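Enquirer: Chains as they are written, first to last, in my numbering: chain V, 1 to 468; chain C, 1001 to 1201.
Treat the hints as calculated values from the structure; they're not laboratory data. Everything numeric in this text was worked out from a predicted model, so none of it was measured. Note that CB positions come from ideal geometry on N, CA and C, so glycine has one too. Accuracy of the hints is not assured; some may be wrong.
To be verified - What the simulated footprint calls covered on chain V by chain C, stretch by stretch (three residues with Cβ under 8 Å from a Cβ of chain C suffice, anywhere in the stretch; the number is not a length):
id, region
1, 26-38
2, 264-274
3, 434-440
Each chain, written out:
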Amino acid sequence: MSPKTLYDKIWDAHVAHEADDGTCLLYIDRHLVHEVTSPQAFEGLRMTGRKVRAPEKTIAVPDHNVPTTPGREDPSNMTEDSAIQVAALDTNAKDFGIHYYPVSDVRQGIVHIVGPEQGWTLPGMTVVCGDSHTATHGAFGALAHGIGTSEVEHVLATQTLIQKKSKNMKVEITGKLRPGVTAKDITLSVIGATGTAGGTGYVIEYCGEAIRDLSMEGRMTVCNMAIEGGARAGLIAPDEKTFEYCKGRPHAPKGAQWEAAMDWWKTLYSDDDAAWDEVITLKGEDIAPVVTWGTSPEDVLPITAAVPAADDFEGGKVGAAQRSLDYMGLTPGTPLSDVEIDTVFIGSCTNGRIEDLRAAAAILKGKKKKDGLRAMVVPGSGLVRAQAEEEGLADIFKDAGFEWRLAGCSMCLAMNPDQLQPGERCAATSNRNFEGRQGRGGRTHLMSPAMAAAAAITGKLTDVRELM
Amino acid sequence: MDKFNTLTGIAAPMPLINVDTDMIIPKQFLKTIKRSGLGVNLFDEMRYDDDGKEIPDFVLNKDAYREAEILVAGDNFGCGSSREHAPWAIKDFGIRCVIAPSFADIFYNNCFKNGILPIALPQEQVDLLMKDAEKGSNARMTIDLDAQTVTSSDGEVFSFDLDPFKKHCLMNGLDDIGLTMEKAASIDSFEATAAQARPWV
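If we strip away everything but chain V, and leave its shape as in the complex, we get (with noise of 0.2 Å):
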């Protein structure tokens, strides 16, 4: 047999239909939905009498736009935009027989992070939502990528994507990482290095031991963002630490089918001959904590850099620099360590998860945050918010200053009530820099949760290592 990628053997294992050109019919083991991108879908389904194919297989939660202030189960306290979204979710999870997890549920939280957590995701999976960040499941050596609203109707009518093959990239980071350099520093590392389209037209496996070394939710935080590096979807080898973590989830696998996937899941790597189209290789020793500067995932720098100029660039990048630098308000040659900030969010399908916020408060234990600096910690899921109260991290956060909310999306992307205002400046774990993305004018910087954390001790972008 032809030696073979992790992405090829996936691939392999889930073309149902393949026509003569190699559009293949892909078969999804497991489809998400959420509130904003599925009431179209759902609508089309009606228009034309169809059925959700295998109801068994999808699993609904709304967290875009649903508050994460307490009172959120009366619709009242949405906004009425919001409300009829959630309402629309409620229904058509209902009477399409999928599975679901309301805001009233302790289960809910962002998409993202329940499929995990309840043990949807397993190695060899195709996961698709429509949500970019879908790429997140990855982490469990599944495929996994987000969809239009289109292709949410297409999975939900026919459990298949009209698909072709991506070319395969391999991303090694090779050694150890220095301490104070996380996740978040290799996954905004790699797109400094190739760019926002660098990964356009692949499928990305990461490997090397610094991605071994990382747990699960660390996987999570560098598969989440490869979408921002352009790639369909990341991936990384399932492996003890997979199996470990996926192990009694309610809807793992138990006893026989346990030791049958098991079987199977091992067998899920790259052959060491196999044939990658594109390789890129970081040393774990030369990533240092890093922050971006502009308004694009790919204006990356080492927190010790200084603001750079549109000059240091070319092409179409020195228009789009001068731009984000007029957005974000930045002189170029300020050290990004002198740069004040006014807002702290620590949150997302990329930094919501219990790692993320013992990191965030191994930094904060016993100190504050700086007056008039606004904060606030999001939990990814009920159950992350659950755990982090037992562990004694919500009362570290609470004590620091910090706001203690509810599960959602958030400030992420501002659907619901957490937002920027005009010209406010927000050090933030989430996973886009986008002009507006928190709110009109909102100006942020991408960080890890250790990194956030130190921001908001200070009021500016710090150098963690500093903290330590």
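Dock chain C against the given chain V, drawing on the hints supplied.
Expert: What follows is chain C alone, placed relative to chain V:
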């Protein structure tokens, strides 16, 4: 879905790289449960000021480009979120074709589901078409999907590549779901085999 065959129309120049889906349609407009009506909010934050008044410098607010049916843009157009509201807004405004050096993957696929043709051309050719678009409303480009060509207002012809299946669906206005359902027997058979091989799924 609307069929796409040929299109002759005004092309609006947008010489920006990394135009993301948050720019194309900001999140506050994603709360609709319909596909229509988003055109008025296309590029909302670039197009209107804080009071909701048009920003005169923005290309689609210029008289020459209000009726644009083609958009010429920079590299990596449509990056970011998977929101199909982005192509819905573009279509609702009246734009049926976007020309750029490259497109983000999900946005590119979403276009075809909505009768929009995204055309990727080399940077030098996009630069020439950008200059052509800057001439205003008298300079009309022609897109011929069957021939896979873009013709500038000066008659210069550029050929583009396109996946034959996507082209076929767009030219005939085909509904993907209907096409896939014709292959239901293959899906049934795959499902039965997979249930044996991976019963835990």
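Enquirer: Decide, hint by hint, whether the structure agrees.
Expert: Hint by hint, here is what the structure shows:
Coverage of the region 26-38 of chain V by chain C holds. Counting CB-CB distances below 8 Å, 4 residues qualify, and the rule asks for three or more. Residues of the region 264-274 of chain V lying with their CB closer than 8 Å to a CB of chain C number 1, which falls below the three-residue condition for coverage. Taking a C-beta to C-beta cut-off of 8 Å, the region 434-440 of chain V contributes 5 residues in contact with chain C, enough for the three needed, and the coverage statement holds.
In the structure shown, a violation is registered for the earlier hint numbered 2 alone.
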